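Trainee: Take a look at the letters that make up each chain.
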Amino acid sequence: MRVAILQFPGSNCDWDSEHAVADILDVPAARIWHKDKLPSETEAVIVPGGFSFGDYLRCGAIARFSPIMNDLKEFSEKGGQVLGICNGFQILCESGLLPGALIRNECIDFRCLNQELKVEDSNEYFNTKILGKKLVLPIAHGEGNFRADEATLSSLEENDQILLRYESNPNGSMNDIAGIRNSTGNVYGMMPHPERSVAPHHPCLDGLPVLKAFLAPLLTSRPTEISSS
Amino acid sequence: MNRFKEGVKVTVFVSPKNTVLDPQGAAVEQAMKSLGHETVEGVRVGKTISFDIEGEDTPESREMLDKLCDGLLSNPVIEDFRYEITEG
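Top to bottom, those sequences are chains A and B.
In terms of this note's numbering, the first sequence opens at residue 1 and continues consecutively.
In terms of this note's numbering, the second sequence opens at residue 1 and continues consecutively.
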């Protein structure tokens, strides 16, 4: 197991994430229950989408206090790769691992569509050279409206922490933000679902390069392992 | 048989920060206007959370309540909170 996929009561993209990582990208992955310990061999963590704890109180507010979140905090502080998708993004914002918050879509509607996205030049793994300028990924959320105070927003912009922006803003997010990373570049969060666009029967395959970009630090370490064996 | 006979009743009021967009409030405001209340402005929708708790109203218990409110019951990035403590 290299990639841990956290499972909270109400997570529903956990199996899709495992399928994308383990079956499609061929990187060993396992689902880890929120009350269990994060396995010591974990190299990357996906906090999947869904409706953890019924979205009660606020999306991600209760999951944030699950036992495994202490391990996740420690893991991320040591530089471990973390990706929060949709509800996972909301959980990471609630827990303070990513700045800002996600509130109700401005239009009130739950938005479920294949969304055109603009890629930003964020870091060596996530940029327009690797991913191209535009992607299409599915979105499905009622609370994806990214909010942050002015200082936070400008620091996100100045430090190239924006990963993806909506082409035609579906939810009212500030600066059309669809995904961000933390300042150290190891914690990612996005509302679109890369794990739902990795197979021929999916509407598109643009999730593959996004997941590869997230897992790049692991994938690039693989040849070293092979040559040393 | 009131378990909280010795305790207090806490009511927490959570509201969206004035600087944060409140789509729910905007929708409710629109509905109020469509009912003819055209002068209504600045509708904000929050929530109340009430519970009983053992103990008394002391600076220590208020410190504990502040912690509870500022993280679980409200998100300081987007919400403000206040609470009232009454006899249980």
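If you're looking for bench data, these hints aren't it; they were derived computationally from the structure.
As the structure is a prediction and not an experimental result, all values here were calculated from the model.
Backbone N, C-alpha and C define an ideal beta-carbon position, used for all residues, glycine too.
Just to be clear, a hint being listed does not mean it is correct.
Said to hold, decoys possible - Among the chain B residues that face chain A by a calculated CB cut under 10 Å, a handful are:
no., residue
1, VAL20
2, MET64
3, LEU65
4, LEU73
Trainee: Next, verify each hint and record whether it holds.
Mentor: Tested hints:
Below 10 Å, beta-carbon pairs count as interface contacts, and VAL20 of chain B has one with chain A at about 6 Å; its hint therefore holds. Here the hint on MET64 of chain B is broken, as its CB sits about 15 Å from the closest CB of chain A, past 10 Å. This hint is violated: LEU65 of chain B has a C-beta 16 Å from the nearest C-beta of chain A, more than the 10 Å allowed. Below 10 Å, beta-carbon pairs count as interface contacts, and LEU73 of chain B has one with chain A at about 7 Å; its hint therefore holds.
In terms of the numbered hints stated before, the structure departs from hints 2, 3, listed from lowest to highest.
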